[in-house]
Amino acid sequence: MVEGIEEKAQGVWVFAEQRQGQFPSVVFELLGAGRRLAESKGEALGAFLLGGRDIVNQAQALIAGGADRVVVVEDEALANFTDDPYVDTLEHLVKKYHPDILLFGATSTGRSLAPRLAARLKTGLTADCTGLEIDPEKGILLQIRPAFGGNIMATVVCQERRPQMATVRPRVMKRLPPDPNRTGEVIPETAPSSLRRRVAFLDFVAEIRETANLEEADVIVSGGRGMGDPKNFRLLEELARALGGAVGASRAAVDAGWVPYSYQVGQTGKTVSPKVYFACGISGAVQHLVGMKSSDIIVAINKDPEAPIFKVATYGLVGDVLEIVPALTAEIKRWRGES
Amino acid sequence: MKVIVAIKQVPDTAEVKINPATNTLIRDGVPSIINPFDRYALEEAVRIKERLGGSVTVLSMGPEQVQEALREAISLGADEAILLSDRAFAGSDTLATSYALAKAIAKIGDFDLLLFGKQAIDGDTGQVGPEVAEVLGLPHITLVRKIVELGDGRARVERLVESGWELLETPLPALFTVVKEINEPRVPSVKGMLRAKKVMITVWKAQDLGVEPGRIGLAGSPTRVAKIYTPVFDREAEILTGTPAEQAQALLKKLAENRVI
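Taken in order, these protein sequences are the chains called D and W.
Each residue of the first sequence is one higher than the one before, starting from 21 at the first, in the working numbering.
Each residue of the second sequence is one higher than the one before, starting from 72 at the first, in the working numbering.
Same shape as in the complex, but just chain D:
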């Protein structure tokens, strides 16, 4: 236990990860969730921003996204993420600012850095949370996450040590609409004097993967075993094209070899949160539902009116998916032509 931290612990903080000065969208989702938590505790929302020279220029975007204050550390050792200098710097900042709650994105960076920092601080860390609430009686953070392939949900608490740390699954929390007129405090800090850099960052090679398409799409048309045959995925592609969306799939369709793993939505595939999600011939296994249930609108098309997918759907169309999907595509084309 880090002496003295518990008594002083205050405020909700997020770690604002960046690559080459760009924030992944999870940073704004953390700010959205953090804002809600901070307000329910009556405390401020802070962000820790670490990077190379001029990273301070990105601080205003975090304030526009909901932060009250941004603590910025600029150091060449922090230009590219590696664990040693980031952990040393965050340890220094935690000991100075005493966060009660500290959130990270459940990204390749967050899931490497947060455990190392938690072990350094000898505090608790909950991985890949999909829900965060403040316990109304105790004021502690309720950290909600799926386990066992999404079949089970667990609420985890860290009662006695601080900060309460969590990594948060991307595309689950809602970001706030950015408010460029929002004001906040930007606090420059310096890195501790002897930053260790045992791991050398040599290169980053960007690779565009087809899955990025799925995760960013506003409309997703997903198919499951109920499509009957891999050839019928063409119907989904046509509907997706008419709507400017992407095609996804359930694990059953991927396991059957109908489409590649990169299409898979669910606990062991992608988590998606589009404006509209079409579940076509997908019965709705829990492991699928946890990957898409935060979509704004869910349309379920299935011949079985008892299928669990209707328990998460906004609109349900009971019937033959092979007839309904082409009817939808035709109707959209007609509607687009008229409007």
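In case anyone wonders, no lab produced these hints; they're calculated from the structure.
Small disclaimer: the values here were computed from a predicted structure and weren't measured.
Errors might be hidden in some of the hints.
As a list, the in silico PhoX-like pairs of lysine-lysine whose alpha-carbon atoms are at most 25 Å apart [said to hold, decoys possible]:
(1) K178(W) with K290(D)
(2) K194(D) with K331(D)
(3) K61(D) with K298(W)
(4) K178(W) with K73(W)
(5) K353(D) with K325(W)
(6) K251(D) with K353(D)
(7) K276(W) with K142(D)
(8) K290(D) with K88(W)
(9) K251(D) with K194(D)
(10) K295(D) with K276(W)
(11) K142(D) with K194(D)
(12) K324(W) with K331(D)
(13) K298(W) with K142(D)
(14) K251(W) with K323(D)
(15) K298(W) with K331(D)
(16) K325(W) with K331(D)
(17) K262(W) with K298(W)
(18) K251(W) with K290(D)
Which residues of chain W face chain D? A partial, calculated answer using Cβ under 8 Å [claimed, not checked]:
(19) Q198
(20) P201
(21) M264
(22) L265
(23) K298
(24) Y300
(25) R306
If you want a taste of the chain W side facing chain D, the calculated C-beta under 8 Å gives, among others [as the list claims (entries may be wrong)]:
(26) D193
(27) L239
(28) Q318
(29) V331
Glycine included, every Cβ here is placed at the ideal spot set by N, Cα and C.
Knowing the structure of chain D, use the given hints to seat chain W on it.
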């Protein structure tokens, strides 16, 4: 090159359910397997031994039945196996688990590389690897998809990240967590299976590791599971009826009302 691989025995996740009466996990009768991601770590260690010489030690923590998983690891090419098994470890969260594993690794002492799977499929946390590295004061790299160079006290690896991959270099000893892209694990050899039957598995208790009692088990775990439950989905979908064309029209009208098309 001396490599230590940490493995976890996990239930076959798809079959785990909650007992609604007691609100606890039903594990009886659920088959146990080596965590699939740990198989890639083990395979990589065995390949390193085949290429550069040295040895592979597998380490796990859990009840006596975990010996089965360790014997399987021997059949897949590991040389020796160590099990941390003691009631005092029960209830450990990732921090307490990492502390115990780190103490065991320190006791083994002589190693160049620690390999872990990227996460276990039951807890899905991926935290134990980096936490062990921190307790030991060693550098770590997560999500390693390829070991490009290994030797002379250094390693160069490729690390898989969201938008591509990174090339990193670290001094050894170090800890890596590996992703499944790193290799294709082999099946057990006949010779390996015979060895697995005969091999003595070393079992260490808490006192063998010289642990501080407050840092293991429930006492050493800052996190608690306050509640487990089966996710409930109880939205009332608005059912749109009619012929396929009528259903399509009704849906389009709803989507237009919601301003999403």
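Inset, instruction - Could you grab the alpha-carbon distance between K276(W) and K142(D) and see if it respects the 25 Å cut-off? - result: Distance of about 23 Å is within 25 Å: holds.
Legend entry - Holds or violated: K251(W) to K290(D), with C-alpha atoms at most 25 Å apart: holds (16 Å)
Legend entry - Given pair status - K194(D), K142(D), alpha carbons within 25 Å: violated (30 Å)
Inset, instruction - Take a quick look at whether K251(D) and K194(D) sit within 25 Å of each other, Cα to Cα. - result: At roughly 36 Å apart (the allowed maximum being 25 Å), K194(D) and K251(D) break the hint.
Legend entry - Proposed interface contact between R306(W) and chain D, which counts if any beta carbon pair is under 8 Å: holds (5 Å)
Legend entry - Restraint check for K325(W) with K331(D), where alpha carbons must lie at most 25 Å apart: holds (18 Å)
Inset, instruction - So, Q318(W) near chain D? Judge it on the closest CB pair being under 8 Å. - result: This hint holds: Q318(W) lies near chain D, its Cβ roughly 5 Å from the closest one there, short of 8 Å.
Inset, instruction - Return the status of the interface hint for V331(W): holds when the least beta-carbon distance to chain D is below 8 Å, violated otherwise. - result: With Cβ-Cβ at 5 Å, under 8 Å, it holds.
Legend entry - Status of the Y300(W) interface restraint (C-beta, 8 Å, chain D): holds (5 Å)
Inset, instruction - Measure nothing beyond the straight line between the CA atoms of K178(W) and K290(D); if it is 25 Å or shorter, mark the hint as holding. - result: violated (40 Å)
Legend entry - Hinted pair K178(W) and K73(W), Cα distance within 25 Å: Given pair K178(W), K73(W) holds - Cα atoms ~14 Å apart, limit 25 Å.
Inset, instruction - Below or equal to 25 Å on CA atoms is what counts here, so check K290(D) against K88(W). - result: Holds, at roughly 23 Å.
Hint compliance for this structure: hints 1, 9, 10, 11, 14, 17, 21 and 22 are broken, all remaining hints hold.
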